[in-house]
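Based on the provided sequences and hints, a complete structural model is requested.
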Amino acid sequence: MAEEQTAGAAAAAGPTGQGCSGQHEVLQAVPAHGPHVLGTHQLPVGAAASQQPSWQQYSSVFTASKAGMQNVDKEKVKRVVFEMSKDSAHFKNEQRKQAQVDARIAQLKAKAASISQAELAAHQKAADAKLAQLEAGRDLSRTWLHADMDAFYASVEELDRPDLKSKPMAVGGMGMITTANYEARKFGVRSAMPGFIARKLCPQLAFVKPDFRKYEAASVATRGVFKVYDPHFEAGSLDEAYLDVTDYCAAHSMTGEQVAAELRAGVEAATRLTCSVGIAPNATLAKVASDLNKPNGQALVVSSREAVMAFVHDLPIRKVPGIGKVSEQTLNALGITTCGQLLQQRGLIAALFSSISARFFLGAGLGLGHTQHGGDRGDEGGAGGGSVVARKGISCERTFANMSSSADMEKMADNLVQHLAADMESEGIESKTLTLKLKTTDFAVRTRAVTLAGHVHTAQQMLPPILKLLRAELPCEIRLMGVRGSALRRLTSAGDALDAAAAGGRLNALQRMILQGRKQQQRGEAVEQQQGEQQDEQHCSMVISYRQLAQDLAIMRGSMPSMKQRLLRCHMTCLMMKTRQVLSAAAMVRLAQMARAH
DNA sequence: GCGGATCAC
DNA sequence: TATGGTGATCCGC
Numbered sequence: 320m321a322e323e324q325t326a327g328a329a330a331a332a333g334p335t336g337q338g339c340s341g342q343h344e345v346l347q348a349v350p351a352h353g354p355h356v357l358g359t360h361q362l363p364v365g366a367a368a369s370q371q372p373s374w375q376q377y378s379s380v381f382t383a384s385k386a387g388m389q390n391v392d393k394e395k396v397k398r399v400v401f402e403m404s405k406d407s408a409h410f411k412n413e414q415r416k417q418a419q420v421d422a423r424i425a426q427l428k429a430k431a432a433s434i435s436q437a438e439l440a441a442h443q444k445a446a447d448a449k450l451a452q453l454e455a456g457r458d459l460s461r462t463w464l465h466a467d468m469d470a471f472y473a474s475v476e477e478l479d480r481p482d483l484k485s486k487p488m489a490v491g492g493m494g495m496i497t498t499a500n501y502e503a504r505k506f507g508v509r510s511a512m513p514g515f516i517a518r519k520l521c522p523q524l525a526f527v528k529p530d531f532r533k534y535e536a537a538s539v540a541t542r543g544v545f546k547v548y549d550p551h552f553e554a555g556s557l558d559e560a561y562l563d564v565t566d567y568c569a570a571h572s573m574t575g576e577q578v579a580a581e582l583r584a585g586v587e588a589a590t591r592l593t594c595s596v597g598i599a600p601n602a603t604l605a606k607v608a609s610d611l612n613k614p615n616g617q618a619l620v621v622s623s624r625e626a627v628m629a630f631v632h633d634l635p636i637r638k639v640p641g642i643g644k645v646s647e648q649t650l651n652a653l654g655i656t657t658c659g660q661l662l663q664q665r666g667l668i669a670a671l672f673s674s675i676s677a678r679f680f681l682g683a684g685l686g687l688g689h690t691q692h693g694g695d696r697g698d699e700g701g702a703g704g705g706s707v708v709a710r711k712g713i714s715c716e717r718t719f720a721n722m723s724s725s726a727d728m729e730k731m732a733d734n735l736v737q738h739l740a741a742d743m744e745s746e747g748i749e750s751k752t753l754t755l756k757l758k759t760t761d762f763a764v765r766t767r768a769v770t771l772a773g774h775v776h777t778a779q780q781m782l783p784p785i786l787k788l789l790r791a792e793l794p795c796e797i798r799l800m801g802v803r804g805s806a807l808r809r810l811t812s813a814g815d816a817l818d819a820a821a822a823g824g825r826l827n828a829l830q831r832m833i834l835q836g837r838k839q840q841q842r843g844e845a846v847e848q849q850q851g852e853q854q855d856e857q858h859c860s861m862v863i864s865y866r867q868l869a870q871d872l873a874i875m876r877g878s879m880p881s882m883k884q885r886l887l888r889c890h891m892t893c894l895m896m897k898t899r900q901v902l903s904a905a906a907m908v909r910l911a912q913m914a915r916a917h
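Quick note on the numbering used here: the first sequence kicks off at 320 and runs consecutively.
A few of these clues could be false.
Said to hold, decoys possible - Mimicking DSS-like on lysine-lysine, the simulated pairs with C-alpha atoms at most 27 Å apart in a straight line are: (1) Lys-758 to Lys-405; (2) Lys-428 to Lys-444; (3) Lys-416 to Lys-758; (4) Lys-486 to Lys-411; (5) Lys-444 to Lys-430; (6) Lys-486 to Lys-393; (7) Lys-546 to Lys-528.
Unchecked claim - Listed next, with one range per pair, are the computed distances between beta-carbon atoms: (8) Lys-430 to Arg-710: 33 to 43 Å; (9) Ala-763 to Lys-711: 20 to 30 Å; (10) Ser-673 to Pro-783: 15 to 25 Å; (11) Ser-407 to Ala-726: 19 to 29 Å; (12) Leu-453 to Asp-633: 14 to 24 Å; (13) Arg-710 to Asp-633: 37 to 47 Å; (14) Leu-793 to Ala-440: 51 to 61 Å; (15) Asp-761 to Ser-673: 45 to 55 Å.
For the record, the hints were derived by calculation from the structure and aren't laboratory data.
Since the structure is predicted, the reported quantities are computational estimates derived from the model, not experimental observations.
Don't be surprised by glycine CBs; every beta carbon is placed ideally from N, CA and C.
What follows is the structure, encoded as structure tokens:
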């Protein structure tokens with residue numbers, strides 16, 4: 320989720336690890352830009368793993384300040400996280416990784432020091448040419464919004480449990496927290512934090528198990544609103560979206576800010592959830608801006624070159640989508656902490672980084688970003704799919720209690736492969752390359768891949784090569800196993816038989832849903848009878864929902880049955896949310912009939 | 001094409 | 001009781 324920054328957990332502070340200044344918020348990579356990662360060199364481990372860590376110098380991503388976390392006692396959080404972590408295998412692995420980063424940084428600095436003035440001048444000249452080229456492509460004619468739901472999962476849960484609004488609450492379990500509400504954030508509890516550490520920070524913390532069907536339903540409702548302002552909006556994840564509202568602004572003689580305010584009100588009306596919005600001349604800046612006045616706020620970056628350059632000048636590089644913890648440390652080591660400095664040090668950047676990384680950094684310094692749907696390169700597959708980007712891989716992985724028995728591991732591989740095969744079937748794809756992923760009990764990750772002679776999609780086809788990869792790694796002790804398919808292709812002719820097989824499963828699934836709905840309805844019956852007003856509302860929502868469903872199904876004509884089933888389930892749960900009560904079995908039956916008719 | 005690593009949510 | 005799952009991309013082989 321956008322607002323809930325992923326924090327790869329705690330890391331020991333290296334000499335450059337102090338850089339967590341200011342607020343960090345999440346910045347999701349804009350699809351076509353993709354993450355531009357600094358080069359990864361293979362370096363010996365341990366070069367910089369000298370000093371004994373203590374909590375004072377312990378820099379944890381969990382202490383980075385976020386919306387709603389300004390008054391957190393960061394020293395206390397640091398100390399608690401350190402105390403809870405320091406003896407774990409996970410912590411040891413974090414130290415190992417940090418040592419690698421430190422070594423890489425040292426190498427980079429050495430390289431920087433060896434550059435002559437003449438060389439630097441030449442690189443700067445090349446950078447200036449690149450900057451001029453980027454500048455020439457600057458487009459300030461579009462108005463972009465980035466909408467980001469506030470504490471999304473937690474807020475959805477609070478709809479069902481209003482009593483939790485005033486209490487610290489987290490969605491997740493002892494293993495991992497996905498979202499924390501704002502009450503919990505006051506204690507330093509945040510996403511991507513292990514539950515047992517969160518409980519130490521806040522003993523009264525309420526834990527709620529994630530229910531992704533609810534979040535998906537809420538997400539569908541928000542998308543119904545987004546569609547009004549940009550029918551081609553790009554949903555980054557369940558809780559955020561990019562919208563090009565240029566046409567809407569023109570058609571209604573409105574400013575971007577006015578549209579943003581209207582959109583926020585619309586989302587709240589449809590879902591009783593709040594979101595924050597950024598308004599800017601490109602998608603990247605809109606994303607950065609959506610973070611500035613969170614929660615339930617909006618921020619504008621004016622569409623002029625001067626305003627953009629001013630906005631970006633003092634912006635911490637970490638705020639830029641695609642610059643994460645490691646890139647931040649690396650750039651900090653070169654004396655770069657703001658986007659303005661990315662431009663000042665353009666010669667150094669051109670000299671030290673790959674052409675693609677340098678272009679990305681310079682673009683960030685200029686405040687550039689996507690201004691057209693589907694990415695500025697227009698690289699989407701032209702197969703009539705519109706803005707839907709074909710996936711490159713599909714995977715399934717699981718963490719479990721430490722495992723060393725080869726029999727257990729082969730059983731696990733079998734399970735995962737079956738799961739993957741089912742997912743590939745429902746997606747209608749087959750794969751030529753298979754990858755096995757193992758995480759050993761000391762948290763080191765290994766991947767092993769094979770490319771086969773042809774494409775495969777059944778468990779029977781995929782299990783033997785996966786087992787072969789696995790056996791080559793034995794003996795070992797692991798805590799995670801994963802399987803992945805890549806080099807994908809659409810499942811061809813044979814897929815029709817598959818469709819027919821899936822149809823049987825669909826009916827069963829529908830029947831199950833309807834039965835479940837009946838049970839729930841019985842419980843909610845008393846309420847329903849007392850509140851005729853809500854019934855009217857429900858009826859109204861259902862009419863709308865039928866129309867919507869029909870439209871969506873028309874769009875999906877020819878799709879796999881499983882996709883239609885998923886869509887139907889979405890509509891049902893969405894409707895339940897909108898009416899704030901359980902959908903009647905009769906309503907479900909009618910929805911199901913509509914789905915079948917298509 | 002493979003494996004490690006980074007990034008995002 | 002002890003730190004997730006999915007997808008993408010980049011780099012250097």
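Checked hints:
Under the criterion of a C-alpha separation no larger than 27 Å, the hint pairing Lys-758 with Lys-405 is consistent with the structure, at around 20 Å. About 21 Å separates the Cα atoms of Lys-428 and Lys-444, which keeps this hinted pair within 27 Å; it holds. A hinted pair counts as satisfied when its Cα atoms are at most 27 Å apart, and Lys-416 with Lys-758 qualifies at roughly 14 Å. Distance restraint check for Lys-486 and Lys-411: the Cα-Cα separation of roughly 34 Å exceeds the 27 Å cut-off, and the hinted pair is therefore not satisfied.
Restraint check: the Cα-Cα separation between Lys-444 and Lys-430 comes to about 19 Å, which is no more than 27 Å; the hinted pair holds. At roughly 21 Å between alpha-carbon atoms, Lys-486 and Lys-393 fall within 27 Å of each other, so this suggested pair holds. With a C-alpha separation of about 30 Å, the suggested pair Lys-546 and Lys-528 falls outside the 27 Å cut-off, and the hint is violated. Separated by about 37 Å at the C-beta atoms, Lys-430 and Arg-710 satisfy the suggested range of 33 to 43 Å.
Look at Ala-763 against Lys-711: about 25 Å separates their beta carbons, and that is inside 20 to 30 Å. Our hint of 15 to 25 Å for Ser-673 and Pro-783 is violated, since their Cβ atoms are close to 39 Å apart. For the hinted restraint 19 to 29 Å between Ser-407 and Ala-726, the CB-CB distance of approximately 28 Å keeps it satisfied. Between Leu-453 and Asp-633 the C-beta distance comes to about 20 Å, which sits within the given range of 14 to 24 Å.
Look at Arg-710 against Asp-633: about 38 Å separates their beta carbons, and that is inside 37 to 47 Å. One distance hint, 51 to 61 Å for the beta-carbon pair Leu-793 and Ala-440, holds here, with the actual separation near 56 Å. For Asp-761 and Ser-673, the Cβ-Cβ distance of about 31 Å falls outside the hinted range of 45 to 55 Å, so the restraint is violated.
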